[in-house]
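If you read the sequences in order, they're chains A and B. For the first sequence, our numbering assigns the number 5 to the initial residue and increments by one for each residue that follows. For the second sequence, our numbering assigns the number 1485 to the initial residue and increments by one for each residue that follows.
The set of hints was computed from the structure by calculation and includes no laboratory data. It is possible that some hints are incorrect.
[Said to hold, decoys possible] Distance windows between CB atoms, simulated:
{"no.": "1", "chain 1": "A", "residue 1": "Val104", "chain 2": "B", "residue 2": "Leu1596", "range": "35 to 43 Å"}
{"no.": "2", "chain 1": "B", "residue 1": "Ser1497", "chain 2": "A", "residue 2": "Ile121", "range": "49 to 57 Å"}
{"no.": "3", "chain 1": "A", "residue 1": "Arg151", "chain 2": "B", "residue 2": "Arg1829", "range": "53 to 61 Å"}
[To be verified] Some but not every residue of chain A turned toward chain B, in silico, with C-beta under 7 Å:
{"no.": "4", "residue": "Asp85"}
{"no.": "5", "residue": "Arg86"}
{"no.": "6", "residue": "Arg183"}
{"no.": "7", "residue": "Ser184"}
{"no.": "8", "residue": "Leu188"}
{"no.": "9", "residue": "Ala192"}
{"no.": "10", "residue": "Ser203"}
{"no.": "11", "residue": "Gly204"}
{"no.": "12", "residue": "Gly241"}
{"no.": "13", "residue": "Gly261"}
Bear in mind the structure is a predicted one, so any value in this text is a computation, not a measurement. Where a beta carbon is used, it is the ideal one built from N, C-alpha and C, also for glycine.
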Amino acid sequence: MIRRHGWTLGLVGILLVLLVVTRIIQPTYGAAGVQGLAVSVLPLAFAAVAQAIAVIARGIDLSVGSMMALTSVISASLMEDRSEGFAVLVVIGVLLIGCVLGAVNGSLIVVTRVPDIVVTLAMLFVWAGCALLVLGTPGGGSAEWLRSLTGGSILNAWIPKAALLLLVIVAAIWIPIRRSRLGLSLYAIGSDPLAAYRSGVSVARTKIFAYTLTGLFSAFAGLTLTATTGIGTPVPGPYTLLSVAAVVLGGVSLAGGRGGVFGPIVAVVILSLLRTDMTFLNVNTNLATVAQGLILVGVVMVGSLLQLRKREP
Amino acid sequence: MTASTKEYLLEASDVSKRYGAVVALKSASLRVRPGEAHALMGANGAGKSTLVKVLTGAVRPDEGTITVRGRERMAHSPAEARRGGLVSVYQEPALIPDLDISSNLRLTETPLEPFRDWVHQLGLGKLDLSRMARDLPLATLRIIDLARALAIRPDVLMLDEITAALPANLTESVLEVVASERGGEGSIIFISHRMTEIASVCDRATVLREGVTVGVVDISADSADRIVELMLGEAVGEMPERTERPALASQGNEVPRLEVRSLGSSGRLRDVSFDVRAGEVVGLVALEGQGQDELFDILAGSEHASTGEVLVDGRPVSFRHPADAIRAGIVFVPADRAEALLMQRSVRENIALPFSAPISGWGPIRRSKEKPKVDKAIDTLQIDTRAQKEVRLLSGGNQQKVTIARWVAGGVQTMLCFDPTRGIDIRTKHQVYLLLRDLAEAGAAVLIYTSELSEIQLVCDRAIVIFGGEVVAEIDASEADEATLLRAAHNLRSDALLPEEIVAAVVAAEEEADGAGEEPAHPTPGEEPGDDRGSDETSDL
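The task is simple: from the sequences and hints, build the whole structure.
Right, dumping it as structure tokens:
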């Protein structure tokens, strides 16, 4: 059990150390800081989960950021000046749209047999364009209940609602799937597509399902983006690449078949906290980005070395 | 023991498949009776694999019908084929490396109890289902794959080269199982190149040649020649006997080309010592997992020895990288052709590889211009030039020829071959044997490891048998018949029972029991000293 989740536990350890370091750098960093952290990482965390699922199935989805944008602007423009009740329909509708977007990606990959990276690269532009068509500039609005769902804390000043929301949604969707035969098939096609095929797994259907899940979680990311910022953003920033970084840091093998979704979530928090710390240390923003990249490479290298060492007695 | 009814369990007729200009199958047919073990044979490129892929639904034929129990069933995927009662077990186990065994079983909805029974019957005693598939040795995975297939009681079970690269003890169990399944409700299609095995467990054989079914043979004592004839399309002479080569054999004072002293590693290799002289072909014989993998890896330079030393031409060497070994004149032809070849590149490029790499290949054959050498190599080996484009399009046997050809063209001092003729048809095998002999005659020292014991007398001057990481016997080729080698490999007394004899005993006991209407009892090879070791081996797995 420890070995299976070793990487994630290691990341949690790093996170805890980092929290202590943050506290040392900035003694006033407390519940409010944690709260702010949770809210700011929420969209990226969902994006990381989305990407993780695609990568586990031996794929990659470069359109995660664009799907986020599209779902964000659709929800924002539909929710603007409408009733709270309507917003519930919007949320459900947008989640379904996310599934459809993902299913389109997956189907194209399966039907055209073009590599995942190429198809999703193309769809990146398609979805991004659609987002701009819906909302040319940031705008729209978000329902109140949605905003309050992600802001503030619950039970305790230290437990941000955002964190709870993230964990509940991910666990409710991913854990049952992970335990089912469908989940096994996902890992199977990522680990060895030929063996999976010979074992009777429908590789095509499983792949489409994986990308549909990616689309769903991208929609969650887009919705939370709207919820936390209050508006829809057609061009939200480098979420796609950051999601890949989080996935790699989170212990998911780019070769497929290995890893989970919780590692990338912790990775997202670590990356974000690092950023915050460098701000506290008054490090030049651009330098901070360089440092972030170096740290990412360093951690992945050390982690891989440790894993390799374990394999060879 | 075949059912005398004319009704077939599986009938494939007029199956045709072409890939562009290449005709893989042309009106091929296969008819299997219920309860029989039916061999499917043919040379490399004859269409066996294509036919199997058609049956299992991995490939859609251009024409043809397939009926199972009288109903037409054209499967479009392995999943569909399985639902139709047709299950295949391939050489590469279809297990997901990153999942543990129980997850793998859940994935294929394998019933657990029958699976465990079969695993036990196949000779793997204690199997920990929580182990990850990638951590288990290949032989174990293949047995698991087989047990998985047997557990669902398929109508037709297709075993594709199931005994290739299996250690002798597991091969024994597999053959026993195949033999005992005969006469039941399902049938077995047995694809193999090993005549002795086919002769001991199969009822009939269908022979393919160039995509066409050329004959169906009832297996009997002398059907082997007929089968080979059908496969090759002409009468095949015996491989010429080795003649003594007095010139080299008498060079007893000369320093051996390759010498191994008390070599051991942290794995299963304990203490191995032997030498190989220039002009000799030495054959290494061992059951799986006796240390031969580690030995070859050390000699090839990809692993370190923990004890002992290796000497080349009398000088101790220490390899930190395969390039060091190559510089010392040692070339390694691995069993897995994918490890040795650049699959996407052409035959020519693969053969010419040693020339482009800045390594001097010194050897008895002086290097000259590349092209004539490469051409000669291609000619000598009669590599099927149909697909000279990319190596990955060649059949397994031709790929193997390419791996050897590249070193022939460049000159070889010492050649290490690990299971060079695994899964290759007879004609190509003979070509490879001749090639290895020619290499030795030209002055190279050749060390081969083979799981096909009949090869030893055809190619080698002497055999070295390894058991438990140590050399237990050194046998001259003239005395190294299959029976002797097998006993030595098991580290048995010379009067112990052989696998074929055990199988024959099983079959005989069953026939007797059928006649008497009782449960057949398996003969217990309890007197063999090897028996105790048997349980140790299974727990290692």
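Hint by hint, here is what the structure shows:
no.: 1; hint: A:Val104 x B:Leu1596: 35 to 43 Å; in the structure: holds, 39 Å
no.: 2; hint: B:Ser1497 x A:Ile121: 49 to 57 Å; in the structure: violated, 44 Å
no.: 3; hint: A:Arg151 x B:Arg1829: 53 to 61 Å; in the structure: holds, 59 Å
no.: 4; hint: Asp85; in the structure: violated, 50 Å
no.: 5; hint: Arg86; in the structure: violated, 46 Å
no.: 6; hint: Arg183; in the structure: violated, 10 Å
no.: 7; hint: Ser184; in the structure: violated, 10 Å
no.: 8; hint: Leu188; in the structure: holds, 5 Å
no.: 9; hint: Ala192; in the structure: holds, 4 Å
no.: 10; hint: Ser203; in the structure: holds, 5 Å
no.: 11; hint: Gly204; in the structure: holds, 4 Å
no.: 12; hint: Gly241; in the structure: violated, 33 Å
no.: 13; hint: Gly261; in the structure: holds, 4 Å
In this structure, the earlier hints numbered 2, 4, 5, 6, 7 and 12 are contradicted, and the remaining ones agree with it.
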